[in-house]
Every structure is written in C-alpha cells, then in structure tokens.
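Engineer: Going down the list, the sequences are from chains A and B.
303 is the number that the numbering used here gives the last residue of the first sequence; the numbers go up by one with no jumps.
219 is the number that the numbering used here gives the last residue of the second sequence; the numbers go up by one with no jumps.
Think of the hints as simulated: they come from the structure by calculation, not from any bench.
Remember, it's a predicted structure, so these values are computed and weren't measured experimentally.
Worth double-checking, as some hints may not be accurate.
Said to hold, decoys possible - Label pairs and their calculated CB-CB ranges:
(1) B:I102 x A:L264: 13 to 23 Å
(2) A:W249 x B:H144: 13 to 23 Å
(3) B:V176 x A:G240: 43 to 53 Å
(4) B:H86 x A:P242: 49 to 59 Å
(5) B:I102 x A:P15: 27 to 37 Å
Quick reminder that beta carbons are idealized off the backbone N, C-alpha and C, glycines included.
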Amino acid sequence: MSQANLEIRRISAHPGPVPGSGVKRDLKVAKLVDTTTCIGCKACEVACLEWNGLAFSDTTFQNSYQTMPETAWNFWNLIKFNEYEPESGNLMLLMRKDQCMHCEEPGCLIACPADGAIVQYVNGIVDFNQDQCIGCGYCITGCPFNIPKFSPTSRKVFKCTLCSDRVSEGLEPACIKACPTGCLHFGTKEEMLELGETRAHQLRTESGFAHAGVYNPEGVGGTHVLYVLHDATNPEAYGGLPKNPRVPWTVWLWKRPLKWLGNLAMAGGLIGMFVHYLRFGPKIVEEDDVKEGNEEPREGKQP
Amino acid sequence: MRDESHLLPNGRVLRYTFRERLMHWVAGFSYLYLLLTGLAFWSPWLYWLSVVCGGPTTSRELHPWVGVVFTLSVLWMYLIWAPQMHSTARDREWWRSLRYYIRNEDDKVPDEDRFNAGQKALFWGFLICGILLFLSGLVLWVPHWIPRSLAFLRLIAVIVHPVAALLTIALFMVHVYMGTAVERGAFSSIVRGDVSRKWAARFHRAWYEQIARGPAPRK
C-alpha cells in the first residue's frame with residue numbers, strides 16, 4: 001500500500017510531473033539476502049504473513065522443504081529450495097528467499113496502464129496501490145522475476161511491499177526482524193552492497209567458493225534486494241533466479257516507440273482529414289430527385 | 001449471401017437491408033466502446049476516457065466482453081458480405097486512380113460496384129485485425145492463467161494487440177470521415193437503408209445500373 005510519508009519518484013501511467021520527484025533527499029534502501037547463511041527455517045515467511053495480516057494458506061508438498069511452488073497473491077515471501085550438485089560433486093541444498101526484487105527499472109510499473117496503481121519511492125521501494133489497480137495483469141507480463149500475483153477474489157494484483165509501511169517509520173522489514181541467523185540485512189543500498197561484497201570476498205578467499213558474488217542485475221538498473229550467492233555465475237540454480245533479467249523487449253517496444261509512433265499517426269490522421277476537408281470538401285450529389293423521385297439520373301458523375 | 005438491394009416503390013434505392021444495418025451498428029457501437037476504453041489503457045493522457053466508460057476497473061472488466069460481441073459481429077459481417085468483397089480488375093483500376101478519388105475528381109474514377117475498392121479494403125482490414133485482436137485479447141484477458149512456460153504468448157500479445165488496434169483506428173478514422181463528412185447521404189443510408197437514385201449513380205454506378213435493369217422487387 002502507498003505510504004504518504006515516503007517521497008514518490010515514479011508513478012505508473014501518470015500524465016505530467018510526479019509530486020515528490022527531486023523535492024526531498026532520501027537514502028536508497030536495500031535488503032541483503034546472504035544465501036550462504038540461510039538455514040531454511042522460514043521464519044521470514046511467517047513474519048511476512050503476520051505483519052501484513054495475510055491468511056495462512058495450504059502448503060503444497062513437492063518432495064522438498066518448499067512451502068509452495070511459487071509466491072502467491074497472499075504469500076509474498078517464499079524460500080526456494082534446490083538440491084544442486086556442483087562440478088566439485090558436493091551436494092548443496094541451495095535456499096533463496098524469493099520476493100519482489102524492487103527493481104530500479106521496474107517492468108511492472110512501465111507496463112501498468114492505471115494512473116497511480118504502481119509507485120516507486122525515492123528510496124527505491126516499488127509499491128502497488130490496490131485501490132488504483134484495475135486488475136489488467138500487465139505488471140505480470142512486465143515483471144522478469146514472476147512476482148506480481150493476481151487475486152481472483154479482489155481481482156487486484158499483490159506483491160511484497162518491502163514493508164514500506166515499516167520502512168516509512170524507520171523500522172526494518174518484518175522478514176529481516178525475524179531472521180535468526182542474520183542472513184538477512186537491511187540498510188542503505190550502499191551499505192548493503194559493501195557488506196555483500198565483503199561477504200563474497202570472504203567466501204572466495206576463505207571458504208573455497210571461487211565464483212561467490214553479489215547479485216545486483218544491471219539489466220533492470222540494479223535491484224533493492226541483493227543476494228550473496230556461492231556461485232554468482234549460475235543464479236538459475238537458486239530456484240530460477242534469472243541470469244540477466246530485463247524489462248521484456250516487447251513491453252519496451254510497446255510502451256516507448258510504438259506509443260509515440262501511434263500517437264503521432266493518430267494526431268496526423270486527424271489533422272490530415274481536417275486539411276483534406278478544407279481543401280477538397282465533400283463529394284456533392286445534386287439532390288433534385290426528392291421531388292422527381294422516379295426520374296432517371298441523366299448525367300453521369302458530377303465532378 | 002446475395003445482394004438484396006433493389007429499387008424501392010418510392011423511387012429510392014434500398015442500399016442496406018435491416019439485417020445489414022443492425023449488423024453494422026452492433027459492430028459500430030461495440031467498436032466505439034472498445035476504442036474509448038482501449039485508448040484509455042493505451043495512453044496516460046487518455047486515461048480519463050475510462051471514467052466516461054464506467055470507471056477504470058469497469059472498463060477493464062467490460063472491454064473483453066464487448067470484444068467478444070465485436071468479434072461475433074465481424075464474423076457475422078464476414079458471412080453476409082464476404083462474397084461481395086472479392087477484389088476485381090475494376091478495383092485494381094480504382095486503386096490506380098486513387099488520387100483522383102481523393103481530389104473529388106470522381107469522373108476519372110472507374111464505376112464502382114456495390115462496395116468500392118476502398119470499402120473492400122476496410123472490410124478485409126477489419127476482419128484480419130479483428131481476428132488478431134481477438135486472439136491476442138484472449139491472452140490479455142486472463143494473463144494470470146498463462147503458465148510461466150507460455151509467457152511468450154503474453155509478450156507477443158502486448159505487441160500484436162496495440163498494432164492491430166492502431167491499424168483499425170486508421171481504417172476507422174477514414175471510414176467515419178468518408179461516411180459522414182465526405183459522402184453526404186452515406187450516413188443516412190446505413191441508418192435508414194435507402195439512398196436516392198442520384199446518390200447510387202454517383203457513388204456506385206456499376207451497382208446502380210445492375211439493379212436499375214434488374215428484376216422487379218419481390219414485395
């Protein structure tokens with residue numbers, strides 16, 4: 001939900017300037033998820049449901065510890081479990097906390113046609129306003145992470161808010177609060193990147209994970225949820241984290257060049273027809289056969 | 001379906017039967033709603049159009065259902081009009097003399113049949129775009145039902161739907177302009193069905209000559 005005391009940077013489908021853009025300073029925030037110290041306890045899943053007042057829903061057993069196959073409209077935070085065998089041969093149980101990545105370049109917001117249904121705050125959080133949402137689902141198409149989920153009962157789309165209500169009051173998100181191992185961190189993006197890089201360096205030099213690194217994909221301008229991965233060259237192994245996520249190119253084509261070409265063509269068409277009418281006018285028929293109804297027209301076409 | 005137009009006892013010419021007029025206006029009014037709500041979702045500048053169409057959420061709910069009505073009316077149109085819409089040698093000649101038609105120098109334009117080449121292009125354009133709009137619209141209607149493995153369908157649909165819609169808008173603008181502003185009498189013909197003999201001879205001479213010498217009206 002929209003938080004009035006967070007400055008808004010971008011508004012979906014909004015004609016004209018954005019009220020909070022460039023007005024106040026605010027720190028960029030980020031959540032850091034260290035997958036190497038996650039124990040899969042799911043305390044973050046429960047804390048998310050508790051804080052956001054979401055109902056407990058049925059779990060789906062799929063021969064793993066995972067609660068359900070993917071996040072749901074009323075389940076925004078899901079630990080994805082994956083049994084992974086790297087080249088070294090040591091079986092690894094990879095666990096990644098899946099939720100909205102809060103992209104700097106959010107595909108959902110770009111695709112959204114409803115004024116104000118999606119906002120991006122100056123601090124980087126991308127938030128849905130269900131009272132403005134029209135339930136079209138374009139955000140589902142725009143998202144490269146499969147995050148926005150449609151609620152069949154309210155016919156609106158929901159996702160993780162990064163606890164914008166808590167953050168606006170200076171608190172950390174509920175999932176961070178609940179994590180018992182300290183694998184979840186929250187702070188400014190700068191701090192989180194630094195912390196993540198320090199941890200990745202430690203993994204590379206002291207723990208034998210030569211490809212350890214921080215996941216902060218550039219294709220979407222970076223994200224406000226960062227991961228430390230044992231193997232940053234293979235993010236797909238972590239429950240399908242895309243290697244190079246981008247706003248889909250058809251969404252970009254539709255919202256940028258096609259929109260402007262279409263608007264120009266429509267305006268040009270209207271102007272063209274008006275000018276045509278001024279220059280050539282109507283094709284006149286001399287209607288004298290109202291009186292002499294049965295008379296055959298004598299002449300041919302009139303110019 | 002054969003052409004049922006004929007001379008009327010009052011000396012005018014029946015151009016469009018009641019069924020054709022009804023069909024045209026089912027398509028016309030459903031298209032108008034689709035156009036206004038579609039433009040509202042197309043551009044933030046036009047989002048206010050959804051307010052006059054019942055509100056943004058209502059517009060999103062009704063747009064697909066009205067789309068079904070429009071698709072059915074286009075198919076109905078296909079069943080009734082397609083046999084009269086085949087391109088002829090005269091039509092190809094008509095396209096070559098298009099510039100005279102645009103300049104209202106109609107004496108240099110070949111005699112037109114019941115539908116001139118431009119109207120035929122309108123018909124086929126709306127049919128093809130209507131099918132594309134329907135297929136892509138099905139995907140956009142329920143994007144949350146499309147599994148992740150078929151996500152490419154959504155990505156194709158978000159391009160096909162607006163492109164096909166823009167093409168119909170081009171056709172629609174020319175159609176409304178021709179039918180109301182340029183060819184005086186055309187609008188009343190699709191409302192009341194009849195035209196004067198002079199109108200028929202002026203705009204569709206080949207058609208008029210055919211029915212003028214044709215069999216007497218049945219009633």
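Engineer: Against each hint, give a clear statement of whether it holds in the structure.
Structural biologist: Checked hints:
A hinted range of 13 to 23 Å for the beta carbons of I102 (chain B) and L264 (chain A) is consistent with their spacing of about 21 Å. With their beta carbons about 22 Å apart, W249 (chain A) and H144 (chain B) fall inside the hinted range of 13 to 23 Å. Separated by about 49 Å at the C-beta atoms, V176 (chain B) and G240 (chain A) satisfy the suggested range of 43 to 53 Å. In this structure the supplied range 49 to 59 Å holds for H86 (chain B) paired with P242 (chain A), their Cβ-Cβ distance being about 50 Å.
In this structure the supplied range 27 to 37 Å holds for I102 (chain B) paired with P15 (chain A), their Cβ-Cβ distance being about 35 Å.
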